[in-house]
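Asks: So you can see what is in the structure, the chains are spelled out below.
There are 2 protein chains.
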Amino acid sequence: MEQQGETPGPDGQQLSKKALKKQQKDAEKAAKKAAHKQQAEQKQDAGAGEQENEDVAEGRYGNLPLNQSREKVQRYICKVCELTSELKDKRVWIRARLHTSRAKGKQCFFVLRQQKWTVQALAAVGDNISRQMIKFIASITKESIVDVEGTVRTVDQKIESCSQDDVELHVEQVWVVSASAQRLPLQIEDASRPEGGDDLATVNQDTRLDNRFLDLRTTTSQSIFQLEAGVCQLFREYLIGKHFVEIHTPKIIPAASEGGANVFEVTYFKSKAYLAQSPQLYKQMAICADFERVFTIGAVFRAEDSNTHRHLTEFVGLDLEMAFNFHYHEVVDLIGDMYAEEISMVSKQFPAEPFKFLEPSLRIEYIEAVAMLREAGVEMGDDEDLSTPSEKLLGRLIKAKYDTDFFILDKFPLAVRPFYTMPDANNPKWSNSYDMFMRGEEILSGAQRIHDPEFLTKRALEHGCELEKIKGYIDSFRYGAPPHAGGGIGLERVTMLYLGLDNVRKTSLFPRDPKRVTP
Amino acid sequence: MEQQGETPGPDGQQLSKKALKKQQKDAEKAAKKAAHKQQAEQKQDAGAGEQENEDVAEGRYGNLPLNQSREKVQRYICKVCELTSELKDKRVWIRARLHTSRAKGKQCFFVLRQQKWTVQALAAVGDNISRQMIKFIASITKESIVDVEGTVRTVDQKIESCSQDDVELHVEQVWVVSASAQRLPLQIEDASRPEGGDDLATVNQDTRLDNRFLDLRTTTSQSIFQLEAGVCQLFREYLIGKHFVEIHTPKIIPAASEGGANVFEVTYFKSKAYLAQSPQLYKQMAICADFERVFTIGAVFRAEDSNTHRHLTEFVGLDLEMAFNFHYHEVVDLIGDMYAEEISMVSKQFPAEPFKFLEPSLRIEYIEAVAMLREAGVEMGDDEDLSTPSEKLLGRLIKAKYDTDFFILDKFPLAVRPFYTMPDANNPKWSNSYDMFMRGEEILSGAQRIHDPEFLTKRALEHGCELEKIKGYIDSFRYGAPPHAGGGIGLERVTMLYLGLDNVRKTSLFPRDPKRVTP
Numbered sequence: 001m002e003q004q005g006e007t008p009g010p011d012g013q014q015l016s017k018k019a020l021k022k023q024q025k026d027a028e029k030a031a032k033k034a035a036h037k038q039q040a041e042q043k044q045d046a047g048a049g050e051q052e053n054e055d056v057a058e059g060r061y062g063n064l065p066l067n068q069s070r071e072k073v074q075r076y077i078c079k080v081c082e083l084t085s086e087l088k089d090k091r092v093w094i095r096a097r098l099h100t101s102r103a104k105g106k107q108c109f110f111v112l113r114q115q116k117w118t119v120q121a122l123a124a125v126g127d128n129i130s131r132q133m134i135k136f137i138a139s140i141t142k143e144s145i146v147d148v149e150g151t152v153r154t155v156d157q158k159i160e161s162c163s164q165d166d167v168e169l170h171v172e173q174v175w176v177v178s179a180s181a182q183r184l185p186l187q188i189e190d191a192s193r194p195e196g197g198d199d200l201a202t203v204n205q206d207t208r209l210d211n212r213f214l215d216l217r218t219t220t221s222q223s224i225f226q227l228e229a230g231v232c233q234l235f236r237e238y239l240i241g242k243h244f245v246e247i248h249t250p251k252i253i254p255a256a257s258e259g260g261a262n263v264f265e266v267t268y269f270k271s272k273a274y275l276a277q278s279p280q281l282y283k284q285m286a287i288c289a290d291f292e293r294v295f296t297i298g299a300v301f302r303a304e305d306s307n308t309h310r311h312l313t314e315f316v317g318l319d320l321e322m323a324f325n326f327h328y329h330e331v332v333d334l335i336g337d338m339y340a341e342e343i344s345m346v347s348k349q350f351p352a353e354p355f356k357f358l359e360p361s362l363r364i365e366y367i368e369a370v371a372m373l374r375e376a377g378v379e380m381g382d383d384e385d386l387s388t389p390s391e392k393l394l395g396r397l398i399k400a401k402y403d404t405d406f407f408i409l410d411k412f413p414l415a416v417r418p419f420y421t422m423p424d425a426n427n428p429k430w431s432n433s434y435d436m437f438m439r440g441e442e443i444l445s446g447a448q449r450i451h452d453p454e455f456l457t458k459r460a461l462e463h464g465c466e467l468e469k470i471k472g473y474i475d476s477f478r479y480g481a482p483p484h485a486g487g488g489i490g491l492e493r494v495t496m497l498y499l500g501l502d503n504v505r506k507t508s509l510f511p512r513d514p515k516r517v518t519p
Numbered sequence: 001m002e003q004q005g006e007t008p009g010p011d012g013q014q015l016s017k018k019a020l021k022k023q024q025k026d027a028e029k030a031a032k033k034a035a036h037k038q039q040a041e042q043k044q045d046a047g048a049g050e051q052e053n054e055d056v057a058e059g060r061y062g063n064l065p066l067n068q069s070r071e072k073v074q075r076y077i078c079k080v081c082e083l084t085s086e087l088k089d090k091r092v093w094i095r096a097r098l099h100t101s102r103a104k105g106k107q108c109f110f111v112l113r114q115q116k117w118t119v120q121a122l123a124a125v126g127d128n129i130s131r132q133m134i135k136f137i138a139s140i141t142k143e144s145i146v147d148v149e150g151t152v153r154t155v156d157q158k159i160e161s162c163s164q165d166d167v168e169l170h171v172e173q174v175w176v177v178s179a180s181a182q183r184l185p186l187q188i189e190d191a192s193r194p195e196g197g198d199d200l201a202t203v204n205q206d207t208r209l210d211n212r213f214l215d216l217r218t219t220t221s222q223s224i225f226q227l228e229a230g231v232c233q234l235f236r237e238y239l240i241g242k243h244f245v246e247i248h249t250p251k252i253i254p255a256a257s258e259g260g261a262n263v264f265e266v267t268y269f270k271s272k273a274y275l276a277q278s279p280q281l282y283k284q285m286a287i288c289a290d291f292e293r294v295f296t297i298g299a300v301f302r303a304e305d306s307n308t309h310r311h312l313t314e315f316v317g318l319d320l321e322m323a324f325n326f327h328y329h330e331v332v333d334l335i336g337d338m339y340a341e342e343i344s345m346v347s348k349q350f351p352a353e354p355f356k357f358l359e360p361s362l363r364i365e366y367i368e369a370v371a372m373l374r375e376a377g378v379e380m381g382d383d384e385d386l387s388t389p390s391e392k393l394l395g396r397l398i399k400a401k402y403d404t405d406f407f408i409l410d411k412f413p414l415a416v417r418p419f420y421t422m423p424d425a426n427n428p429k430w431s432n433s434y435d436m437f438m439r440g441e442e443i444l445s446g447a448q449r450i451h452d453p454e455f456l457t458k459r460a461l462e463h464g465c466e467l468e469k470i471k472g473y474i475d476s477f478r479y480g481a482p483p484h485a486g487g488g489i490g491l492e493r494v495t496m497l498y499l500g501l502d503n504v505r506k507t508s509l510f511p512r513d514p515k516r517v518t519p
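Residue numbers (the UniProt record's numbering), protein chains in the order written: chain Z, 1 to 519; chain L, 1 to 519.
Bear in mind the hints are in silico, worked out from the structure with no lab data behind them.
Only true hints are included.
Given that identical chains are not distinguished, each listed pair holds provided it fits within a single copy or across any two copies.
Straight-line distance between alpha carbons at most 30 Å, and here's what the computed DSSO-like set of lysine-lysine pairs gives:
#, residue 1, residue 2
1, 471, 515
2, 270, 515
3, 72, 401
4, 356, 72
5, 72, 399
6, 90, 242
7, 348, 242
8, 458, 72
9, 272, 469
10, 72, 90
11, 348, 79
12, 515, 272
13, 469, 270
14, 72, 411
15, 88, 242
16, 79, 135
17, 242, 72
18, 116, 471
19, 411, 469
20, 242, 116
21, 429, 72
22, 79, 104
23, 429, 458
24, 88, 104
25, 106, 135
26, 79, 242
If we strip away everything but chain Z, and leave its shape as in the complex, we get (with noise of 0.2 Å):
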């Protein structure tokens, strides 16, 4: 992740002060030559007009050329988020947009933006800016990329508006690398106030999924897939550690051979193949094949013409499979504290969401559940699949009895699981399987799962799976197969929930649902 308050050189390494002065001073006289050269170009541009007198501020302003790699200049360019008072009267490069500007007579205030990081930029007519200049600040369009020299200057009064509150930059020279049209289909302003707040506008959910690239440039989108790395980087930092194998399984498969309904169909050369709902059947070929523990994270797809608030058609699935010794909780225990670990990172780098958990993590059976739910007199069958307003609700009581937004659910009723979940040794009406629940809904859900080829082939049947699209599946536990459990996370979910969004759209970066594949 960005890391804020460092001092990173271009290769994110930390300069010492006598580097950055050397780097400085190169960047001036290269920023000086680069400044002649435009000049010239600029005097040849017989449509300028910003020649009318003479202009002491010729050579410092103006449009750069196309970037097309003509030279290799030798100019260390500041990050927004390196301007503190540490950087006070020095003179700095620095590459953002142009977030916001106001011209005041003879002097032009603007906002520089990169990334999540803002800071307030001041140039004003004087020895070495003049009017022309000032006048061609003033006609930026927001969001262009701009150079920008200047120097760092501390403020008496903190700058509320900017992320580098306690100092601003006085412009020596103003470069437009690449311009903005005009008019923009929304305004960053307005996508990153929060919804349903006040009178001021804030953009509707499909302008925003329409014009992706400007919604994600707000600080909220920033933060959100910063944090989507982040927990995809724990999950496999801690697998990793775990002695987990990471494989990729394929998404183009020879059948609907998880249920045919929600499935889609592909044109394979002269046949048809189908897309991959989940990793389920490859990642247990794999602990079939001696891997004992495996992750895989990629695309799963589900053909489902559900148009809610958490469903996409294409997320990223965050799978796990591993062998073990006696008994399936050896799994659930490794995943509840992988939870408990990427919950207590997060909860330290995003202080503000809080999120309570316990350690270990509360593990409840289903019975439990049912009875804590009937309690609060929700009508249901000891083997009925809870609701999604059950699962709300069981959340809320969990919560209010146990203080946590993290629990594990086990011993789900055979009924409402895959032909391949392992049935509970003692009882066949539960089973060897589990959901972990996050603020109410489910992000995880897991067994044990069947590795005897004739068992599962006599529950495959009783679930009227056709027997030749899962023969490769079923084969591959007749040479040996070790007892195993797993479980499939989304991660498009996971983060929504962390973070408390109301959209899985939200935490996907580019969105699939039945109405939706673009862009």
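Fit chain L to the supplied structure of chain Z, relying on the hints for placement.
Replies: Chain L in isolation, oriented as in the chain Z frame:
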């Protein structure tokens, strides 16, 4: 990666000797309990033919019932790789596959295999071991998974056929956890032999792939996928260290945006969609959305009817894209350094595979490569693309001249690159694009991209692209876009070339080609 030589406990941590002793005692207790239980079950089992005479080994062997997680046994199970002379005279439990077995009168020698590691075990008739037990062990089918308790004994003469060559296991108990069928579709030993060697049996590629879960059990396959996971992890770590953010791009896309011929069509509810041939357009949109440096690892799809050693219809793409300040060589250098780091890491782990490379990486221009090829007798034009034989030849020429298996070929002819490639600033015959080569095969293709929407439109039209299909992509450059470059790598191809393998199917867990979508 799996770390050989350690003595990890069940959660991967080192165990003290004391803890080990305690675990062994616990294990013995648990084993006795299990044995008695099993005993009782076997007595009830009228079909068991082992009770002709009194059996001194009663309760020390047999078939375990299907593991349905009945009990949480507190028993530490050693890994085969942990069995070294350090555990001399210690009693341990092992869970492994029966690799081979050979009964000889009152003795039975058998080899236990776990992933890449093997150990010899010996059962001999004695106080605790009966003839019936020897008979039972000899009857266990190869590839069955067994729990074996035994004492680690050092041996005088190295056991050449096993990875654990200085110890053997003197057996106390043998229980079958999961029995293999008698007839295997392929023999692991045959699949483990080098192809085209002597007269001994090998397994042809289709048989291997039809029974991939068996083929993957070989030492070679286990090593390949451990390496592949490591390659993936090194890429990620390097890029995360350079402040790249991991993103996930959609695989279902609205139009065949990168050329219509090689794209798979998907039935998307009532309309049509396509499978992404690369994350190209999306990673660039992420750059336009201020992510600055992104990478993504995921499935990419090519509906190319090529049946060669190096083409797959689905593979794992490792793609990166990065905004740069002045020159696309900022990106080329970063990628080149990444390979240098990867190669030196891999060389340490796989010292048997010599791989020459230079630091910094060798970079030569296309026109130089053409000159070298012409000098070697190849007839080709300046801006003609390299044929596969020419690539291979170039690899050999460069190896001979510069002694490196890795090099960067820069400044490709514009005509042979995609429409979004930035032309060279000085001569539009060339372009700011590059390929990276490993052992004479291209592993990464990349370029500076055009970040100006008008110029991009012009180039798209010149390439005959349908503009309405890429409108969203082109529009993303209208609101300020940083200069940027990137590249894409095929994970399976890189792994193949690192290891000097002859076929990319060996590095794909479940390969897909025009003729294969199974298993």
